[in-house]
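A.B. asks: Sequence:
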Amino acid sequence: MNKKIAWVTDTAALLDEKFIQDNQVHVLPLNIVFEEGVLRETVDMTHDEFYDKLRTTKTHPKTSQPAIGEVVALYKSLKQQGYDCAIAIHTSQHLSGTYLSAFTAAQQAQFEVYPVDSKIGSFPMMKMIELGQQLEREGVAPQQIVEKINELADHSELSFIPASLSQLHKSGRVSGTQAFLSQLLNIKVVISFDNGKVVMKEKVRALAKAKAYVENLLINDLDSHHIPEVAVIHCNNEEGAMNWKLALEKAYPFIIFHVLPLSACVGVHAGEGTLGLSWVRRTETIAQKQQEKELVTV
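Numbers 20 to 317, taken from this note's numbering, label the letters of the sequence shown in order.
There's no promise every hint is true.
[Stated by the list, open to error] Below are the BS3-like pairs computed for lysine-lysine, each with C-alpha atoms no more than 27 Å apart in a straight line:
1) Lys-264 to Lys-37
2) Lys-216 to Lys-167
3) Lys-220 to Lys-264
4) Lys-22 to Lys-77
5) Lys-98 to Lys-37
6) Lys-37 to Lys-228
7) Lys-167 to Lys-23
8) Lys-37 to Lys-95
9) Lys-264 to Lys-81
10) Lys-23 to Lys-95
11) Lys-228 to Lys-264
12) Lys-37 to Lys-22
13) Lys-167 to Lys-222
14) Lys-98 to Lys-23
15) Lys-22 to Lys-167
16) Lys-269 to Lys-228
17) Lys-216 to Lys-81
18) Lys-81 to Lys-22
19) Lys-228 to Lys-216
20) Lys-222 to Lys-264
[Claimed, not checked] Have a look at the derived ranges for each label pair, beta carbon to beta carbon:
21) Thr-76 to Leu-265: 40 to 46 Å
22) Ala-160 to Leu-226: 45 to 51 Å
23) Asn-169 to Pro-247: 29 to 35 Å
24) Ser-243 to Phe-38: 35 to 41 Å
25) Thr-123 to Asp-71: 34 to 40 Å
26) Asp-35 to Asp-103: 24 to 30 Å
Hints were generated in silico from the structure; no laboratory data involved.
C-beta atoms are modelled at their ideal positions from N, C-alpha and C, and glycine is treated no differently.
Work out the full structure: start from the sequences and follow the hints.
C.D. replies: Next comes the structure, spelled out in structure tokens:
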């Protein structure tokens, strides 16, 4: 008999309510720590409320993982609901301790949990859940599902352009001199993930050049992989994301583009106005896909 699997993630995935309800996903909120108290993302505040508060706060907020007691309580609840185990897909362990907390919480709750380090955040985490649930429906065992999800994690990309380095300076990610010079010279940086670690990929003058650099990363991947979907990601910059999406759709009509907000935790460090792209690399190339289509139509 197949095990009944609960699907758990955190708000770094920033799933919309429809996806959460349709796929019965249990979401642990990450915390935004303001001077006057801790607010749980998507629970104690909306994104609009967060950015309103971020603009006016005197002391820059910090971020933190869910309290271990909250994770234990969730696992105990899932056990009581009749689940045999959980697959918990969390943001990169280099960014948050949520992934490692899953092991401790599972022991305390005496519940079988398969923690997964997504090595990233945002859009790829949603695709990992979709893949895992598809495999579950096919009767694949939890351990084998996790192996496939880990493979997908190794083929995920997320690159973004912080709106300015001032927020990164406030959160301690860059020096005051770097932030000042970037503003003075209109320098934009491109930040990506490398095996779960955040790395600075490039520094360029002007947003247009930074966006072109990120697009080139996508183009390079298209040479050797099939990429059916790409997310245009943003920190409270839907207009900028939509404009970029429209331009990308004209250039790459064979790709489905989505516009998705980034977690408020990213907003704390990268700042309001941040833009980026995220995708998952498939092994099939575009040429192979085109050949398949031609064979079907013959």
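A.B. asks: Each of the hints needs a verdict: does it hold here or not?
C.D. replies: Verification of the supplied hints:
Between Lys-264 and Lys-37, the direct Cα distance comes to roughly 22 Å. Compliance with the 27 Å bound is thereby established for this hinted pair. Restraint check for Lys-216 and Lys-167: satisfied, since their Cα atoms lie roughly 21 Å apart, inside the 27 Å limit. Distance check on the hinted pair: Lys-220 and Lys-264 sit about 22 Å apart at the alpha-carbon level, within 27 Å; holds. With a C-alpha separation of about 50 Å, the suggested pair Lys-22 and Lys-77 falls outside the 27 Å cut-off, and the hint is violated.
Restraint check for Lys-98 and Lys-37: the C-alpha separation of about 24 Å stays at or below 27 Å, so the hint holds. Between Lys-37 and Lys-228 the CA atoms are separated by roughly 35 Å; this puts the pair beyond 27 Å, and the hint is violated. Distance restraint check for Lys-167 and Lys-23: the Cα-Cα separation of roughly 18 Å lies within the 27 Å cut-off, and the hinted pair is therefore satisfied. Between Lys-37 and Lys-95 the CA atoms are separated by roughly 25 Å; this keeps the pair inside 27 Å, and the hint holds.
With a CA separation close to 31 Å, the supplied pair Lys-264 and Lys-81 exceeds the 27 Å bound. Taken as a hint, the Lys-23 and Lys-95 pair is honoured in the structure, with Cα atoms around 15 Å apart against an allowance of 27 Å. A C-alpha spacing of about 16 Å is found between Lys-228 and Lys-264, which places the hinted pair at or below 27 Å, so the restraint holds. Restraint check: the Cα-Cα separation between Lys-37 and Lys-22 comes to about 25 Å, which is no more than 27 Å; the hinted pair holds.
At most 27 Å may separate the alpha-carbon atoms for a hinted pair to count; Lys-167 and Lys-222 exceed this at roughly 34 Å. With a C-alpha separation of about 10 Å, the suggested pair Lys-98 and Lys-23 falls inside the 27 Å cut-off, and the hint holds. Note on Lys-22 and Lys-167: the hinted pairing holds, with a Cα-Cα distance of about 17 Å set against a maximum of 27 Å. This hinted pair checks out: Lys-269 and Lys-228 have alpha carbons roughly 19 Å apart, not beyond 27 Å.
Our distance criterion of 27 Å between C-alpha atoms is met by Lys-216 and Lys-81, whose separation comes to about 19 Å. As the CA atoms of Lys-81 and Lys-22 are separated by approximately 39 Å, the hinted pair breaks the 27 Å bound. Taken as a hint, the Lys-228 and Lys-216 pair is honoured in the structure, with Cα atoms around 24 Å apart against an allowance of 27 Å. Taking the CA atoms of Lys-222 and Lys-264, the gap is near 23 Å; set against the 27 Å cutoff, the hint holds.
Distance hint check: the CB atoms of Thr-76 and Leu-265 are about 34 Å apart, inconsistent with the given range 40 to 46 Å. Separation of Ala-160 from Leu-226 is about 47 Å and conforms to the stated range, judged on CB atoms against 45 to 51 Å. Roughly 20 Å separates the CB atoms of Asn-169 and Pro-247, a value that falls outside the hinted 29 to 35 Å. Evaluation of the 35 to 41 Å hint for Ser-243 and Phe-38 yields a failure: the beta carbon distance comes to about 30 Å.
For Thr-123 and Asp-71, the hinted distance range of 34 to 40 Å is satisfied, since their beta carbons lie about 35 Å from each other. At roughly 28 Å, the beta carbons of Asp-35 and Asp-103 sit within the given window of 24 to 30 Å.
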